[in-house]
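**Q** Starting from the structure of chain X, add chain L where the hints point.
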Amino acid sequence: MNLNTCLYAFNGVVKREFWRFIQQRSRFLSALVRPLLWLVVFAAGFRAALGVAIIPPYQTYITYETYIAPGLCCMILLFNGMQSSLSMVYDREMGSMKVLLMSPVPRSWLLVSKLLAIALISILQVYAFLGLAWLAGVEPPLWGLVTVLPALVLVALLLGAIGLFLSARIRQLENFAGVMNFVIFPMFFLSSALYPLWKMRESSEWLYWVCQYNPFTHAVELVRFALYQQLNLPALAITLGCTVLFTLLAILSFNPERTVRAAPARG
Amino acid sequence: MNEQPAIEVRHLSHRYGARLALDRVSLTLQRGGFNALLGPNGAGKSTLFALLTRLYRIQQGDILFEGVPVDEAPRHYLGHLGVVFQQSTLDLDLTVQQNLEYHGALHGLSSRQIRARAACELEWLGLAERRHDRVRALNGGHRRRVEIARALLHQPSVLLLDEASAGLDIASRQTINRAVRSLCNERGLTVLWATHLLEEVAPDDPLIILHRGRVCARGSGAAICREQGIDSVTELFERLTGAPAA
Numbered sequence: 001m002n003l004n005t006c007l008y009a010f011n012g013v014v015k016r017e018f019w020r021f022i023q024q025r026s027r028f029l030s031a032l033v034r035p036l037l038w039l040v041v042f043a044a045g046f047r048a049a050l051g052v053a054i055i056p057p058y059q060t061y062i063t064y065e066t067y068i069a070p071g072l073c074c075m076i077l078l079f080n081g082m083q084s085s086l087s088m089v090y091d092r093e094m095g096s097m098k099v100l101l102m103s104p105v106p107r108s109w110l111l112v113s114k115l116l117a118i119a120l121i122s123i124l125q126v127y128a129f130l131g132l133a134w135l136a137g138v139e140p141p142l143w144g145l146v147t148v149l150p151a152l153v154l155v156a157l158l159l160g161a162i163g164l165f166l167s168a169r170i171r172q173l174e175n176f177a178g179v180m181n182f183v184i185f186p187m188f189f190l191s192s193a194l195y196p197l198w199k200m201r202e203s204s205e206w207l208y209w210v211c212q213y214n215p216f217t218h219a220v221e222l223v224r225f226a227l228y229q230q231l232n233l234p235a236l237a238i239t240l241g242c243t244v245l246f247t248l249l250a251i252l253s254f255n256p257e258r259t260v261r262a263a264p265a266r267g
Numbered sequence: 001m002n003e004q005p006a007i008e009v010r011h012l013s014h015r016y017g018a019r020l021a022l023d024r025v026s027l028t029l030q031r032g033g034f035n036a037l038l039g040p041n042g043a044g045k046s047t048l049f050a051l052l053t054r055l056y057r058i059q060q061g062d063i064l065f066e067g068v069p070v071d072e073a074p075r076h077y078l079g080h081l082g083v084v085f086q087q088s089t090l091d092l093d094l095t096v097q098q099n100l101e102y103h104g105a106l107h108g109l110s111s112r113q114i115r116a117r118a119a120c121e122l123e124w125l126g127l128a129e130r131r132h133d134r135v136r137a138l139n140g141g142h143r144r145r146v147e148i149a150r151a152l153l154h155q156p157s158v159l160l161l162d163e164a165s166a167g168l169d170i171a172s173r174q175t176i177n178r179a180v181r182s183l184c185n186e187r188g189l190t191v192l193w194a195t196h197l198l199e200e201v202a203p204d205d206p207l208i209i210l211h212r213g214r215v216c217a218r219g220s221g222a223a224i225c226r227e228q229g230i231d232s233v234t235e236l237f238e239r240l241t242g243a244p245a246a
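If you read the protein sequences in the order shown, they are chains X and L.
Take the first sequence: its letter number 21 is residue 21 in this note's numbering, and every next letter is one higher.
Take the second sequence: its letter number 225 is residue 225 in this note's numbering, and every next letter is one higher.
So that you can see chain X by itself, here it is in the shape it has in the complex:
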């Protein structure tokens, strides 16, 4: 299999994701509205209740909106990653997954291509959100918008890989509600996205440890530090390790036979 073939296949997978994304404008809008609601409505209500002390990477007192902005960026990546599992299940049920499987290109490469395509689309949405957040008064350093890019790529890959891994476990489209309740919400709320972990520790020691073991916490911290031009090495190591682990799990658990059984034939 030569390099050109793999690149053309990668190009095809990315283009298809973009075509689908462009056609699903409501998906783009909801991806922006969701974190904006948190930023504008939720943060306004909780600003007074949740005072944030000076904690790294911030060097001064910050508004609550500023604190939750990186978490909301990761929220976009989280929802997109899980959406990818939904689209894989949809492709499987509709039969279009077979087109992917009939390709002579190695399946592991096709899955990695899919992962990168999901990441690219997610990151576009994050930057659109950061633009709107800027208008709402969240103003990270301009260079931070550049230094955060590698962190966003890594986190998008991690969450996309978790999504692809889950898609191998989800038998039907209807089961996606379970993903919302058992994956997205716990990952998001049991992390440092909305409140610093020392605050969580004040309330509950065991919840604090649950948050510590949640890879999403470290993904949020990686993005938070990168947005302020700093590198959080432990967060980077954990996020990178989890990305490799879940990418391997996604590739290993990908079972083409399920693709055929999802749409039983009669003949």
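Just so you know, not all the hints are guaranteed correct.
[Unchecked claim] Short, incomplete list of chain L residues facing chain X, as computed with Cβ under 7 Å:
no.: 1; residue: LEU78
no.: 2; residue: GLY79
no.: 3; residue: PHE85
no.: 4; residue: GLN87
no.: 5; residue: ASP91
no.: 6; residue: GLN98
no.: 7; residue: TYR102
no.: 8; residue: HIS103
no.: 9; residue: GLY108
[As the list claims (entries may be wrong)] Facing chain L, from chain X, some residues (calculated, C-beta under 7 Å):
no.: 10; residue: TYR8
no.: 11; residue: ALA9
no.: 12; residue: ASN11
no.: 13; residue: GLY12
no.: 14; residue: TRP19
no.: 15; residue: ILE22
no.: 16; residue: GLY95
no.: 17; residue: SER96
no.: 18; residue: LYS98
no.: 19; residue: PRO186
[Unchecked claim] Restraint-style ranges between C-beta atoms, simulated for each label pair:
no.: 20; chain 1: L; residue 1: GLY167; chain 2: X; residue 2: SER108; range: 30 to 38 Å
no.: 21; chain 1: X; residue 1: LEU145; chain 2: L; residue 2: ALA119; range: 39 to 47 Å
no.: 22; chain 1: X; residue 1: GLN212; chain 2: L; residue 2: GLY167; range: 53 to 61 Å
no.: 23; chain 1: X; residue 1: LEU124; chain 2: L; residue 2: ALA119; range: 29 to 37 Å
no.: 24; chain 1: X; residue 1: LEU29; chain 2: L; residue 2: ASP62; range: 50 to 58 Å
no.: 25; chain 1: X; residue 1: LYS199; chain 2: L; residue 2: HIS76; range: 37 to 45 Å
no.: 26; chain 1: L; residue 1: ARG214; chain 2: X; residue 2: GLN212; range: 56 to 64 Å
no.: 27; chain 1: L; residue 1: ASP62; chain 2: X; residue 2: SER26; range: 46 to 54 Å
no.: 28; chain 1: L; residue 1: GLY167; chain 2: X; residue 2: TYR208; range: 56 to 64 Å
Hints are computed from structural coordinates only; laboratory data are not their basis.
Glycine included, C-beta positions come from ideal geometry on N, C-alpha and C.
**A** Showing chain L alone in chain X's frame:
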């Protein structure tokens, strides 16, 4: 001239748990021929397709492409295979052209190659005017033609069609059947046409009748009928399978 069959299936068996779906199936597809695979619903045709297309792993037996077991060179084999599945595999939200571009890219074609090949196949199938339409806007017959255009895009040497005419009206069925037959004559393509509709099979077609996971007849329809002392393929089918001919 290479007389080796395009595809040879040897003693292929497949189980779903305790249920035996295919039982020591053997068949050959001669190069450049229109081969008909007949069988009532539940005969095992789709299982055989899933194995031929490598969507299922081979549990027992062998599939050879040009004399080489497909497990030894799976990518080479898939690169030579064009497939139309029983259930549509088109992305309804994309246009005809986008569906073809996606498929072409997955087969390692450049954008320029895809555009040229897509124009050629869509023209041949009378769909050139519809290439920017979303697939959702096409009727069943046109969607099937798009699937055939897509299956031919990478210029395969073998075309597998699983109930490609299912659910279509008679005129569309005949159009598609004629188009696929012409591929054998004009391009030398090897075709496996799986169906349960006897009207789609000509008396001289190489025929494989599958029933309850077993090959119960193989050879030219006319020759098998002569051997069995039967007048028509319809009668032959009914006698061998016990199922009413459709």
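**Q** Does each hint fit the structure? Answer for all of them.
**A** A quick look at each hint next to the structure:
no. : hint                            : result
1   : LEU78                           : holds (4 Å)
2   : GLY79                           : holds (4 Å)
3   : PHE85                           : holds (6 Å)
4   : GLN87                           : holds (5 Å)
5   : ASP91                           : holds (5 Å)
6   : GLN98                           : holds (6 Å)
7   : TYR102                          : holds (5 Å)
8   : HIS103                          : holds (6 Å)
9   : GLY108                          : holds (3 Å)
10  : TYR8                            : holds (5 Å)
11  : ALA9                            : holds (5 Å)
12  : ASN11                           : holds (6 Å)
13  : GLY12                           : holds (2 Å)
14  : TRP19                           : holds (6 Å)
15  : ILE22                           : violated (10 Å)
16  : GLY95                           : holds (4 Å)
17  : SER96                           : holds (5 Å)
18  : LYS98                           : holds (5 Å)
19  : PRO186                          : violated (32 Å)
20  : L:GLY167 x X:SER108: 30 to 38 Å : holds (35 Å)
21  : X:LEU145 x L:ALA119: 39 to 47 Å : holds (43 Å)
22  : X:GLN212 x L:GLY167: 53 to 61 Å : holds (55 Å)
23  : X:LEU124 x L:ALA119: 29 to 37 Å : holds (31 Å)
24  : X:LEU29 x L:ASP62: 50 to 58 Å   : holds (53 Å)
25  : X:LYS199 x L:HIS76: 37 to 45 Å  : violated (59 Å)
26  : L:ARG214 x X:GLN212: 56 to 64 Å : holds (60 Å)
27  : L:ASP62 x X:SER26: 46 to 54 Å   : holds (50 Å)
28  : L:GLY167 x X:TYR208: 56 to 64 Å : holds (58 Å)
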